[in-house]
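Number of protein chains: 2
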Amino acid sequence: MLERLHVGGPASRSELTAATGLNRSTVADLIAELGELELVEERPAVVTSRPGRPSPVVHPRPDGAVALAMELVVDSIAVATVGLGGHVYNRVRVARPRDRFSPEETVQDVVKLAGPLLDSLPAGYRLCGVGAAVAGITRRADGFVHLAPNLGWRDVPLAALLAEELDIGTAVAVANEADLGALAEYRRGAPPGTEHLLYISGEVGIGSGVIVDGEPLLGAAGYAGEAGHTLINPAGRACRCGAVGCWETEAGELALLRRARVRGDASGVDTVAERADAGDPTAVRAIAEVGRWLGIGIGNLVNLFNPELVVLGGLYERLFDRFASSVREGMRTRALAAPGELVTIVPSALGIDAALLGAAELVLSGVIADPADGRQRPAARAGGMT
Amino acid sequence: MLERLHVGGPASRSELTAATGLNRSTVADLIAELGELELVEERPAVVTSRPGRPSPVVHPRPDGAVALAMELVVDSIAVATVGLGGHVYNRVRVARPRDRFSPEETVQDVVKLAGPLLDSLPAGYRLCGVGAAVAGITRRADGFVHLAPNLGWRDVPLAALLAEELDIGTAVAVANEADLGALAEYRRGAPPGTEHLLYISGEVGIGSGVIVDGEPLLGAAGYAGEAGHTLINPAGRACRCGAVGCWETEAGELALLRRARVRGDASGVDTVAERADAGDPTAVRAIAEVGRWLGIGIGNLVNLFNPELVVLGGLYERLFDRFASSVREGMRTRALAAPGELVTIVPSALGIDAALLGAAELVLSGVIADPADGRQRPAARAGGMT
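Residue numbers (the working numbering), protein chains in the order written: chain A, -11 to 374; chain B, -11 to 374.
The shape of chain A in the complex, shown without the other chains (with noise of 0.2 angstroms):
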């Protein structure tokens, strides 16, 4: 029922009594459960022109259950804080030039912009966990950040290094953030109704994440979903991962750039689709290009999963309307008619926030799960976040 109030907002007791299958009376205790656990409120309807008493609407308390939601990658730092419904209560995006920066500076820059952000909540939140969305493959059991290679980051801690840095005494959960695009666009992005979708979303390389009927696709230890790895042509280029052809070599932002002779920083792509605007061919056809990579990838995981819906995040977002007809033309070179004919393409609907909206998701998927454990009155975030 929580995650009914948090994924489709207030409703009536008959609206939730009709959602969940279960009797009016079980609905009503866990009102007051929930209630008392300072999650849900009741309140009065507005008034309608409809007959009959009208019901008290619940809506999910945001200030109930805060996450703090961190968004690390190659060009930017993301910090948000989200509560349950969704609710944003602030987020702080700064960009960084493309130096690699070593996860210790990384870990205190971020931490440095969650401390306006937590003290600018409305008074008596309880905060009820960390989620961090990193460019990199990573272990969900203990937040472990095996290789992240367009960060240049190998082994990194990560949550234990952000544990220690924020000091808040509250769990911290890190995940890949493609992975948690996925999850955003999910909850709070696709059609009602959408149980299997893949984001796939345009950075340095490419990351994707998967729904696989409603959840997240984690395998056995959380480094699923890393289809920018996966071999598209054996002719190919190297890739930072060591191995040679993988899909972002040919439809990642390098492959963009190198196509369209622009050199490669974190501008390269708007000039690269200016130039298109403005006709020149060679960005137009490399716009192109990538584009068709990209759908014929697509079309490999169309096969492979049978999504409804593929999210295009990142740089494809913003490229769109330039190729979706090239990236719908490399799908269907690729995909096999029944499930190609099922699936469509769209831009994110969540822009640069999606993982940084999925890490916030994460943890109030936690409270969800289980709404009377893992949460904290903010009293215990003692020192630390100067």
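Just so you know, the hints here were simulated from the structure itself, not pulled from any lab data. C-beta: ideal position from N, C-alpha, C; glycine also.
Some chain A residues close to chain B (C-beta under 8 angstroms, calculated; not the full set):
#1 ALA209
#2 LEU219
#3 GLU296
The calculated label-pair distances, taken between Cβ atoms and stated as ranges, are:
#4 A/SER90 to B/GLU203: 37 to 43 angstroms
#5 A/VAL82 to B/ASP130: 50 to 56 angstroms
#6 B/ALA254 to A/ASP358: 53 to 59 angstroms
Fit chain B to the given chain A structure using the hints.
Then chain B, alone, in the frame of chain A:
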């Protein structure tokens, strides 16, 4: 609890209490209920040297829920009768030449095989459904086969054809053979605790099925898991699916025979294996090359699914000892270190009958999910089974 008994075999009440986390009286109630449904029976414990009164042992009753399982593939058709707990009453497999049989002929042949098997079941058995494995892309909802390129079938309402020809009034479920092979290997082959498994079967093409967190990966309509038709070599050969460079064009049976310069019929793989064993360098090289491409594709899937176990079936099981090192080497060139180090590659535990047994498991899963429903006394199968 029924799942525990079906997969794990007979257990005492205390073991069931421990396994399910339910209390003793609930377990006793459930046993009584399942006993009335003739799905389980209690038998006296074998006397042991352990102190205390021996707890009676609860056995699944195979005759309480029998699945009629079928397999329709390129080189053979097969039928089995399998009871709850995985008891195989009987199975029969008939090789077929590689002419293109029509769906109608194939269905008639398989139904003819089924009659004697049903007739030889113990008196009073309950047939709970028909499951069929087919080498094609199949919609789960209605058992409609969109495309079975290696059978030469397109748009075949297979479940409807089987139901009509069998005329036994029970539901007919149809699914992709490799998806069912994965299910059987998960339930009956893999070590306990394995929850993420890939089943890759070498046939004329490549069949593949995926278990994610203990559940078959189906996708939105049941088409998921078509790894054989993911791109592995854009400079490669045309595939029967219409695309170019699919995995199966490099690692399927035809690729093996082509590389070994052996004529393509059902005995071709044995010829290659014999020549390799006799030291023929062309055959040795062909097996190693196919193994390497197989491993490369497995590496892609390891990055996507992060499985604990990869089970090789079909011709890959027969070649396993001859090419395991090439497979592992190919896998290592592609898999990221973190998921690559976690995965074990093994030959099929169930061999040629994996998909057939999976078809039975598909039907029995329905009984486990809803023990009181969808079952039927044999009296109902009047006529049509001569």
